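Chemist: Given next are the chains, with one letter for each unit.
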Amino acid sequence: MTFTLRGRIETRLFLLLTVGVVWTAIVTPFLPSPSMGSGGAGMVPMQMNRVMVSLPVAYNALPFDYRMTFETLGLMAVLGIVWELVYHFAQQYRWNKDWPPLFTLVAVIPEGIALWYVIHLTHVENGSWALASAGTAMFAIHILSTWVLIWVAMLGPMKVVSLRWRFEGGQLW
Amino acid sequence: MVQSHGFEIKDVPFVAIGGGIGTFAMVDFLRVAGLPVESMTVVTPALRPYSNLESQLDNSQIPRDARIRSGSGDRMDSIWGWPGYGMEEAFRRRNPLMLLRLAAEPVLSEYYTPRASQLYDTMDREAARISWNRMVVAGMARVVRKRTEGGYFVVVDPLSPGPGGSVAVLSARYVHLSLGVAAVRHFPGFEGGADPEQAKRAVNVYEAHEHVYEEIRRHPGSKVLVRGAASSSMEVLGRLIADRDSYGTAVEIFHLYHSFFDGPKGPARFRIPGGNGFCYQPFTFAKGAFGGQLHRRYGALQSDAERIDLFTKLASTAIPKRKVWTSRIERGRREGWYHTVLGAAGCLESADGGDGSGHVRAHVEPLAGTGEAERVLEVDYVIDAAGVDIDLRKHSLLADLVDCGGARLNGLGQFAVDASFEIDSMHSGNGRLFASGFATLGNPYLIPMYSFWGYHYVAWAVHRKLAEDGFVRRLGTGRSVAAWWRRMRMAEP
Ligand SMILES: Cc1cc2nc3c(=O)[nH]c(=O)nc-3n(C[C@H](O)[C@H](O)[C@H](O)COP(=O)(O)OP(=O)(O)OC[C@H]3O[C@@H](n4cnc5c(N)ncnc54)[C@H](O)[C@@H]3O)c2cc1C
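For the protein sequence lines, the chains are A and B, in the order given.
Be aware that the first sequence starts at 322, since it is given in my numbering, and climbs by one per residue.
Be aware that the second sequence starts at 414, since it is given in my numbering, and climbs by one per residue.
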């Protein structure tokens, strides 16, 4: 099977909504949250009078973490539509008009980096913008693991879930 | 059973004629979707569903342990194609590196393709699972005729006549045809049976021609003309060159085909890769034709002329880029025993072969616009690997459908079908006549008609139509997953 543009977008949205959501729900509590784990005492970044400060408080970080991972996932879906347009354009320069799975796998690098800036821009994440900062590990593990799972689903299991997907260029509807 | 005009007539809802790859895809799909054995009959002279393909592969120098052309996911024994052949082989050989290779194809490695033996063995397993043999009536279908009350009669010549006499008649609501190719291609002017000596020297790659390689071994320095630049010609060249190296046959090879690719050709967004004289494409059809954007583009075309144009480009005469192939040919060019001849096959004449001249004279017409003169090549053997003859009139059952049944043809001279691959001009009451494979080429929906994936596509489309008719249940997500799990456990569908 090979993708059509519509198939690419539908597949991405479908997999983020299913595999992505379930995985995020499972993995978030185990991610290395910059606010030091899922509860107890720690430093919480907060905005006070338009200034970011870190305050030591006792709190439960899990709701914060969930909000962040799910909002990141949502942004990944929205941005993904733009990315798929870019890939589809690039695909026009390939005779076979196909998109090897390896390309999809490594796309997580540019997509992840762009997403990192976008989640800062949109204040989903309020830590440092630097690529290596306190929040990076949590973000990277979440995105990478989700990405790999989605990629594996695209390599085959999707064909079982939907025969249409196999025959009509990755389209589900 | 009813008795009528002295023939036994057997009622069966779905009759599949052919019993080859296309039939197997269809029947397997419907069994998986829940049709019982009793609802289907397969009419075929073949012992196994891959018998015909196996002999074509054998003849074209792809024995059991060699690799076929299509990829890992195009599995004949699974309507889902997953897990693919590659994954299965990796597990069998306990080789996780193979999985990495599969994930990285075709960027870091050539495409994985399964061995012919894996295709056959897994089809045997699936055939046993769906009780294929219980559905088979061994014989040749002679005619398919509409029944006045809807549906069709299928007249069968059984291989071993039963108590009902030498003819059996099946009465079916649905009929599916997948009869393979009508005939193989030869040089124009090929005399065939009329000139047995010539028939021995000018052969088609899909027919048995082992004697040619034996003769070449016996007569060192023979000249051979190989026609066509698709992958079967590469397998023939491979054999000729391997024999040259192992037995010192000193064979001289003339390779006749249409266009020489010294590099990629075409505008940036439609540039076909090429080099070394050949055009490169990993599969018989450009990959995007397998459901992707080329499939969409094709489906949006309005006229037969546009469709034929795009079809010929995407199913162009190309070979997968394999290092072993190109390096062999480069060596032949360097050492002077491999010659490229550009042109079109003219006609063939027998010659006496005296004074070191060849036994066959092959006329080669120059390509349009080159202004060159016709060439005559004197060679000892001609191996035709220029494809197949898709003239469906060469198949008596299909010709009868056109002449007596009133089946309509498309611009390519094949059956005009609708989106469910029904020959709609043959519609009969509540019955339908479906077709897959070569006899439906040029239809406005699908390009890779003669590919494993294409046969499954047709089966999927037919199953949806049958579901609309209420004849079978649709394989939606839930039923698909459940059916897949049954297959993973090799449980009966
Ligand atoms: C050498 C070769 C290699 C190929 N490799 C690949 C590959 O790697 N991947 C891929 O996807 N495709 C491949 N193909 C293309 C295609 O998948 C095969 O040609 C496939 O076998 C075609 O299936 P079919 O059902 O049309 O015909 P077949 O498999 O040839 O079956 C047709 C059957 O119909 C029977 N028949 C004919 N007339 C009648 C009648 N009147 N009544 C009853 N039965 C009848 C014949 O005996 C035969 O058994 C290859 C083709 C060739 C020739």
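Note that these hints are calculated values from the structure, not bench results.
Computed from a predicted structure; not experimentally measured.
Beta carbons: idealized from backbone N, C-alpha and C, even for Gly.
Among these hints, one or two may not hold up.
As the list claims (entries may be wrong) - From chain B, some residues computed to sit far from chain A (all C-beta separations above 12 Å):
#1 D487
#2 G497
#3 E518
#4 Y524
#5 R538
#6 A595
#7 R684
#8 Q715
#9 T730
#10 L780
#11 D813
#12 V815
#13 G818
Unchecked claim - Selected chain A positions facing chain B (Cβ under 8 Å, derived; list incomplete):
#14 R388
#15 G401
#16 N417
#17 T425
#18 S449
#19 L484
#20 F488
Chemist: Now tell me if each hint is right for this structure.
Modeler: Cross-check of the supplied hints:
1. D487: violated (10 Å)
2. G497: violated (7 Å)
3. E518: violated (7 Å)
4. Y524: B:Y524 is in fact no farther than 12 Å from some Cβ atom of chain A, at 10 Å.
5. R538: holds (19 Å)
6. A595: About 27 Å separates B:A595 from the closest Cβ of chain A, which puts it past 12 Å; holds.
7. R684: violated (6 Å)
8. Q715: holds (19 Å)
9. T730: holds (14 Å)
10. L780: holds (23 Å)
11. D813: holds (32 Å)
12. V815: B:V815 clear of chain A: closest Cβ-Cβ about 29 Å, beyond 12 Å.
13. G818: holds (29 Å)
14. R388: Check failed: Cβ of A:R388 comes no nearer than 31 Å to chain B, outside 8 Å.
15. G401: violated (18 Å)
16. N417: Holds: closest Cβ of chain B sits about 4 Å from A:N417, inside 8 Å.
17. T425: This hint is violated: A:T425 lies away from chain B, its Cβ roughly 10 Å from the closest one there, beyond 8 Å.
18. S449: violated (34 Å)
19. L484: holds (6 Å)
20. F488: holds (5 Å)
Figure legend: structure checked against the earlier numbered hints; hints not met, in rising order: 1, 2, 3, 4, 7, 14, 15, 17, 18.
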